[in-house]
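Protein chains in written order, with this note's numbering: chain A, 26 to 386; chain B, 26 to 386.
Derived from the structure by calculation, the hints contain no laboratory data. It is possible that some hints are incorrect.
[Stated by the list, open to error] Each computed SDA-like pair below joins lysine to any residue, with the alpha-carbon atoms no more than 20 Å apart:
#: 1; chain 1: B; residue 1: K185; chain 2: A; residue 2: V344
#: 2; chain 1: A; residue 1: K185; chain 2: A; residue 2: A295
#: 3; chain 1: A; residue 1: K185; chain 2: B; residue 2: V344
#: 4; chain 1: B; residue 1: K185; chain 2: B; residue 2: E302
#: 5; chain 1: B; residue 1: K185; chain 2: B; residue 2: G149
#: 6; chain 1: A; residue 1: K185; chain 2: B; residue 2: A345
#: 7; chain 1: B; residue 1: K185; chain 2: A; residue 2: Q291
#: 8; chain 1: B; residue 1: K185; chain 2: B; residue 2: H74
#: 9; chain 1: B; residue 1: K185; chain 2: A; residue 2: A345
#: 10; chain 1: A; residue 1: K95; chain 2: A; residue 2: I334
#: 11; chain 1: A; residue 1: K185; chain 2: B; residue 2: R310
#: 12; chain 1: B; residue 1: K95; chain 2: B; residue 2: I278
#: 13; chain 1: B; residue 1: K185; chain 2: B; residue 2: N56
#: 14; chain 1: A; residue 1: K185; chain 2: A; residue 2: V344
#: 15; chain 1: A; residue 1: K185; chain 2: A; residue 2: R152
#: 16; chain 1: B; residue 1: K185; chain 2: B; residue 2: R346
#: 17; chain 1: A; residue 1: K95; chain 2: A; residue 2: R346
#: 18; chain 1: B; residue 1: K185; chain 2: B; residue 2: I311
#: 19; chain 1: A; residue 1: K185; chain 2: A; residue 2: S279
#: 20; chain 1: B; residue 1: K185; chain 2: B; residue 2: R310
#: 21; chain 1: B; residue 1: K185; chain 2: B; residue 2: G301
#: 22; chain 1: A; residue 1: K95; chain 2: A; residue 2: A345
#: 23; chain 1: B; residue 1: K185; chain 2: A; residue 2: V276
#: 24; chain 1: A; residue 1: K185; chain 2: B; residue 2: R346
[Unchecked claim] To give a feel for the contact side, a few chain B residues facing chain A, derived at Cβ under 8 Å:
#: 25; residue: L38
#: 26; residue: S58
#: 27; residue: T70
#: 28; residue: E167
#: 29; residue: F303
#: 30; residue: I305
#: 31; residue: I311
#: 32; residue: R320
#: 33; residue: L323
#: 34; residue: L324
#: 35; residue: L340
#: 36; residue: R346
#: 37; residue: D349
#: 38; residue: P350
#: 39; residue: V354
All figures in this text were calculated on a predicted structure; none of them were measured in a lab. Built from N, CA and C at the ideal position, the CB exists for glycine as well.
Protein chains: 2
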Amino acid sequence: MVTEASRLAELVLEGDRRALARLITRIENENPSALPVMAALYSRTGRGHIVGVTGAPGCGKSTLVNELAKQLRREGRMVGIVAVDPTSPFSGGALLGDRIRMRDLAGDEGIFIRSMASRGSLGGLARATGDAVKLLDAAGFEVILVETVGAGQAEVDIAKASHTTLVIQAPGMGDDIQAIKAGILEIADIFVVNKADLPGAENTVRALQMMQRLGRDNNGPYRHHGRLMRANRVGQAAEPPGWEAPILQTVSISGEGIAEVVAAIQSHRAHLHQSGEFQIREAARIEAEFESMLRDTLLNDLLARIPTIELDAILSQVVAREMDPYSAVDRIMTIAAAEGETGPRPHRAHALEAEKPEVRR
Amino acid sequence: MVTEASRLAELVLEGDRRALARLITRIENENPSALPVMAALYSRTGRGHIVGVTGAPGCGKSTLVNELAKQLRREGRMVGIVAVDPTSPFSGGALLGDRIRMRDLAGDEGIFIRSMASRGSLGGLARATGDAVKLLDAAGFEVILVETVGAGQAEVDIAKASHTTLVIQAPGMGDDIQAIKAGILEIADIFVVNKADLPGAENTVRALQMMQRLGRDNNGPYRHHGRLMRANRVGQAAEPPGWEAPILQTVSISGEGIAEVVAAIQSHRAHLHQSGEFQIREAARIEAEFESMLRDTLLNDLLARIPTIELDAILSQVVAREMDPYSAVDRIMTIAAAEGETGPRPHRAHALEAEKPEVRR
Chain A
26 MVTEASRLAE LVLEGDRRAL ARLITRIENE NPSALPVMAA LYSRTGRGHI
76 VGVTGAPGCG KSTLVNELAK QLRREGRMVG IVAVDPTSPF SGGALLGDRI
126 RMRDLAGDEG IFIRSMASRG SLGGLARATG DAVKLLDAAG FEVILVETVG
176 AGQAEVDIAK ASHTTLVIQA PGMGDDIQAI KAGILEIADI FVVNKADLPG
226 AENTVRALQM MQRLGRDNNG PYRHHGRLMR ANRVGQAAEP PGWEAPILQT
276 VSISGEGIAE VVAAIQSHRA HLHQSGEFQI REAARIEAEF ESMLRDTLLN
326 DLLARIPTIE LDAILSQVVA REMDPYSAVD RIMTIAAAEG ETGPRPHRAH
376 ALEAEKPEVR R
Chain B
26 MVTEASRLAE LVLEGDRRAL ARLITRIENE NPSALPVMAA LYSRTGRGHI
76 VGVTGAPGCG KSTLVNELAK QLRREGRMVG IVAVDPTSPF SGGALLGDRI
126 RMRDLAGDEG IFIRSMASRG SLGGLARATG DAVKLLDAAG FEVILVETVG
176 AGQAEVDIAK ASHTTLVIQA PGMGDDIQAI KAGILEIADI FVVNKADLPG
226 AENTVRALQM MQRLGRDNNG PYRHHGRLMR ANRVGQAAEP PGWEAPILQT
276 VSISGEGIAE VVAAIQSHRA HLHQSGEFQI REAARIEAEF ESMLRDTLLN
326 DLLARIPTIE LDAILSQVVA REMDPYSAVD RIMTIAAAEG ETGPRPHRAH
376 ALEAEKPEVR R
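Next comes chain A alone, as it looks inside the complex (with noise of 0.2 Å):
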């Protein structure tokens, strides 16, 4: 088991490419064996610069972030690509986008490509991309590109996972600041105007300059934390003083506009470690993995230890208001209590569901 495990990080670290698809597979799975790996790997991460690119569907973001793919492998950078899509539960589309996107960057060995589809929840989702990340970024891949349709709680998810944050605006879009999506100033390191050469792109740059002038009157947005200790210091500065979200042009198909995005990347990350927000924002990140991971592991460890039909029963007397919600909590705590077995249960997290057959891609 063990030695599946290591062997299994030791392909990861070399760059396996079919090791790096089984495991992602695994992970998406919710299979539990891929944990030891993971545990393994762990030490091996914090190299990569994560790199989120969100915006509505249409706005050209895949031509784009396989453009920018192309423009840092020109620049010798390994490139990893993570396509999440949190609107398909199934995994077909996301497949049959792989091939296509395949085809364009086939044969190059410093490009990684795995679309990420939602088994389940948006939770086990948003974990199953980070441990993704993390296996890539073990693996070497220097730019690891996630790639997400903006909608909601995904894309704030992508944000708090990414070390840049790119926003993806076309024409059309944007040619007023109301159509602008509140709460985007507050994840946005570097805006980007796509298919700027259709008619109202000066428009949309307009709209997003005179967002940005009144976000700045406002103070600046509000983030909100979690819960663990340290979680005040990560409350504060939402962007870090000396750095304003360049809007940038571009038109993926053509390639125009896209090495200055590399190069806003590049600038935002030296900023990033300059100014010691690098490693003010790793550890919110980690910090909100790992609350995320505890919360999980104890509701998991509580489920496990209520008989399903005493539960049931709770939730039925909460339903039919029967049972005040806050006395059925204390009563669940308390059967819990009683049901003993209150030792830790490992890797509750993940260890969800039966190991699944895993099918070859």
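Could you slot chain B onto chain A? The hints should help.
What follows is chain B alone, placed relative to chain A:
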């Protein structure tokens, strides 16, 4: 202690406005003294119809909510308004908003208005809002309008916590379907194009119609769900078959179209009850709320059992990559188990902070 709680509960049931205001302040401050009152009142909730109203800043949401309230009053309904601003951490702005509204709706005993501001986390705000809604429900308010700025997670939270969700758009914001946020089909029961006297209103309506058509082709939206036992049932139908969100036009400053929106809310309510969807939504809503309470209780219970120094040391090691997070979770679970104190800690979820002095309004 019990006497004060039961006296306050009695006052709320009588519709005493001062008691309501005081309790909501306690809830906002996470003052544990609100808990026995909430527990006592829980069985008296479940009659009010909860209407979520969401939209981008500038769409005229607040004026629209006021007009809806006036129309509902004309129809003889008791109306509660809870205005939630997840972007403002302090209630200064919220209070000002209250005062402006009060001038408009003042002196009507059938309307209760309250702004909620976030004291800390977004999760805390969602919980406080849910509790404020329960209080208004118990106090006999028949329609409770919960208004929030359309921003990512806050919007999804409000939809999950409502029986009927109104999504407000304004011309110039959605002349293109790409300008309409992904995920909005998923949450809207009724679309309102406000400021319909402005040029472009027809384009906005058409864009919404087109998006609905696309959504239909895509087999509808995908909803994720929680971990509790009944979650499977809950994850079913996104929108009950037989209901397609109507797209209505209003001019809230003149009151045009307001009666039609109120009628649509009533139709949706009737539809929910006839189709059996109401019970499903109620169960989902209550279960999600309950799961979140349970998660918070578990985490707080754990944190109370782990010495701060130890937790901080483990966290530092994870951040420094000297310990992997999987082992760290195990370590924390082991320490917690060893620290004994396995019994339930009643109401930890809400008893986070020491009692704060109450601010009179």
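### Query
Which of the numbered hints above does this structure break?
7, 10, 11, 13, 14, 16, 17, 19, 22, 23, 25, 26, 28, 29, 30
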